[in-house]
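Asks: Fit chain X to the given chain U structure using the hints.
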Amino acid sequence: MRQAAARQAQAAAETLVQTVAAGVKYRLLTDAGLTVRGRLTRMIQRTPASRHEFWALREVDLKFGRGEVVGLVGPNGSGKSTLLRLVAGVIEPSEGSIQRPARISALLEPTGVLNASLSGRRNAFLYAALAGIPRAEMAAAMPAIEEFAELGAFFDVPVRTYSSGMLARLAFSFATQFRPDVLLVDELLSVGDEHFQKKSYFRMLKLIGKGSLVIVVSHNLGFVESTCTRGILLSGGRVEADGNVGQIVSAYRKRYS
Amino acid sequence: MARFWKELGESRELFAELLRVQMEQRYSGSALGLLWALLMPMLTILSFSIIFAGLSGWNLADYGVYFFCGYVPWTFFQASSLNAAESLAGNSLYVTRLRMPSQLLPLVQAAASGIDALIHLAILFAIMPVLGAPYHPAMLWLPASILITAAAGAGASLLAAQATVFFRDFRYLLSSVLFLWFFFSPILWRPESLQGPMREIYRLNPAVPFLELFQLPIREGAVPAAETWIVASAAAAALCLAGSVSFSVNRRRFYYYL
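Chains U and X, in that order, give the protein sequences.
Position 57 (the first sequence) corresponds to 57 in this note's numbering; numbering is contiguous.
Position 25 (the second sequence) corresponds to 1025 in this note's numbering; numbering is contiguous.
For the record, the hints were derived by calculation from the structure and aren't laboratory data.
Virtual Cβ for every residue (Gly too), placed ideally from N, Cα, C.
You may find that some hints are simply not true.
[What the hints assert, rightly or not] Which residues of chain U face chain X? A few of them, derived with a C-beta cut under 10 Å, are:
(1) Val36
(2) Gly89
(3) Ala106
(4) Leu108
(5) Asn115
(6) Arg121
(7) Arg122
(8) Ala128
(9) Ala129
(10) Glu240
[Unchecked claim] Calculated from the model, a selection of chain U residues having no Cβ within reach of chain X, i.e. all distances over 12 Å:
(11) Tyr26
(12) Thr35
(13) Gly38
(14) Gly67
(15) Arg100
(16) Ala131
(17) Ala141
(18) Ala144
(19) Glu147
(20) Glu194
(21) Gly209
(22) Leu221
(23) Thr229
(24) Arg230
(25) Asp242
(26) Gln247
[Claimed, not checked] A few chain X residues facing chain U, derived, Cβ under 7 Å:
(27) Arg1012
(28) Leu1014
(29) Ser1047
(30) Arg1099
(31) Met1100
(32) Phe1167
(33) Arg1171
Just chain U, with the same shape it has in the complex (with noise of 0.2 Å):
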């Protein structure tokens, strides 16, 4: 009885993110709704604002504990991008809660952060400064950074000349240096080729080991099979299944193809 309760409590502690019967409402809005021009007009010839809503995600109840690396998996527009900004904390519920840790690293478009201009070594500075690192410690972190990103001269060259896969590299390797509760990864790493996929996987198995949670999307099945150890599957912005991941791409396989 004492073990159960102790069990438990344990259980309770190592949940790191739990969403109560959340949802996530979006507000679809045309192009003359975001001007003042095209509000003027409307406004002339009485036309009425379209007023689309539209639910990305409803009724979630989830937890994600200490050391799981979970997939989200479901066809375009089932919500995974949606639960990933909920957790990353970009984006409150318009219903129900969540919780979340305040150390949360999001990749989630690196490219779009990543400022084109400067150098990956400064990237890396500004990113520092965006998640809260001191730059002291992310100076020190910097030859781990540029050895493991393996861009060789190019670290020091403006990310604009960079590839799709040199930028995914960059970006994962600064944002696995600091031992984050919570990595966030959205259609990321299945940029990077097969030898800084291997890479990459170690290193997160390496942060599970030390406790972090890991919850990834990405339409590469094979790789979240290989990757993960719970998988959920989203539809219409709800959750489908949640279980062991070979059998939620076994269902999302037969469900969808």
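Replies: For chain X alone, coordinates are given in the frame of chain U:
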């Protein structure tokens, strides 16, 4: 609202880094570097002075000093609000892919424009002896003038950034308004040249007290009237309050519009 200021205090390092990137991109990118920042206002002021001093028969050196005094706060206000207007809409991925205090983005633009304005002011002080303009004790009031103007610029930046998120063409509207406003403000012309009722009416222009905070101490050697200080401070405080309150309310909606 409390969160807005708390986050700002906690993210000083990030603010400094973003500002550093901004300044580096602005000045180290071009071949002339910092010289460019010095050259541009000089050329503007020189060409405007030659044309307008010639038209009005005003002494060129004196006209140059007068125009420069108004040009510095005006350009600061214009540059900070126009650049800030783009700061959220133009960096949408910072808002939609990162968890960071987004109020930093417009404020960094305001700070960068502020640094430019201080450089312009330093140039003005440097060339004043050449133009035969004496330094006045009233110029000791300038730090207060700078502080009030900076607060107004920061508040306007926060407002302009939000407006552009919800109305993408706001920046064009703003730049047209500012363009007209510039000619209706006593920057190129002196209030003394106005006739009849216009001599009183022009003071309704909210830019006037801010301009006087610089024009009076530098050119006339006079301390602005208490009324001028009060109106300018109140306007600056109102802009800051409106900017930060509306930002705190609207920030949750930015994601859906970007």
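Asks: All hints are to be evaluated individually against the structure, with a verdict given for each.
Replies: Now for the hints, and whether the structure bears them out:
no.	hint	verdict
1	Val36	holds, 5 Å
2	Gly89	holds, 4 Å
3	Ala106	holds, 7 Å
4	Leu108	holds, 4 Å
5	Asn115	holds, 6 Å
6	Arg121	violated, 13 Å
7	Arg122	holds, 8 Å
8	Ala128	holds, 8 Å
9	Ala129	holds, 4 Å
10	Glu240	violated, 25 Å
11	Tyr26	violated, 6 Å
12	Thr35	violated, 4 Å
13	Gly38	violated, 8 Å
14	Gly67	holds, 23 Å
15	Arg100	violated, 9 Å
16	Ala131	violated, 9 Å
17	Ala141	holds, 16 Å
18	Ala144	holds, 20 Å
19	Glu147	holds, 24 Å
20	Glu194	holds, 27 Å
21	Gly209	holds, 25 Å
22	Leu221	holds, 24 Å
23	Thr229	holds, 26 Å
24	Arg230	holds, 24 Å
25	Asp242	holds, 25 Å
26	Gln247	holds, 31 Å
27	Arg1012	violated, 10 Å
28	Leu1014	holds, 5 Å
29	Ser1047	violated, 31 Å
30	Arg1099	holds, 4 Å
31	Met1100	holds, 6 Å
32	Phe1167	holds, 5 Å
33	Arg1171	violated, 10 Å
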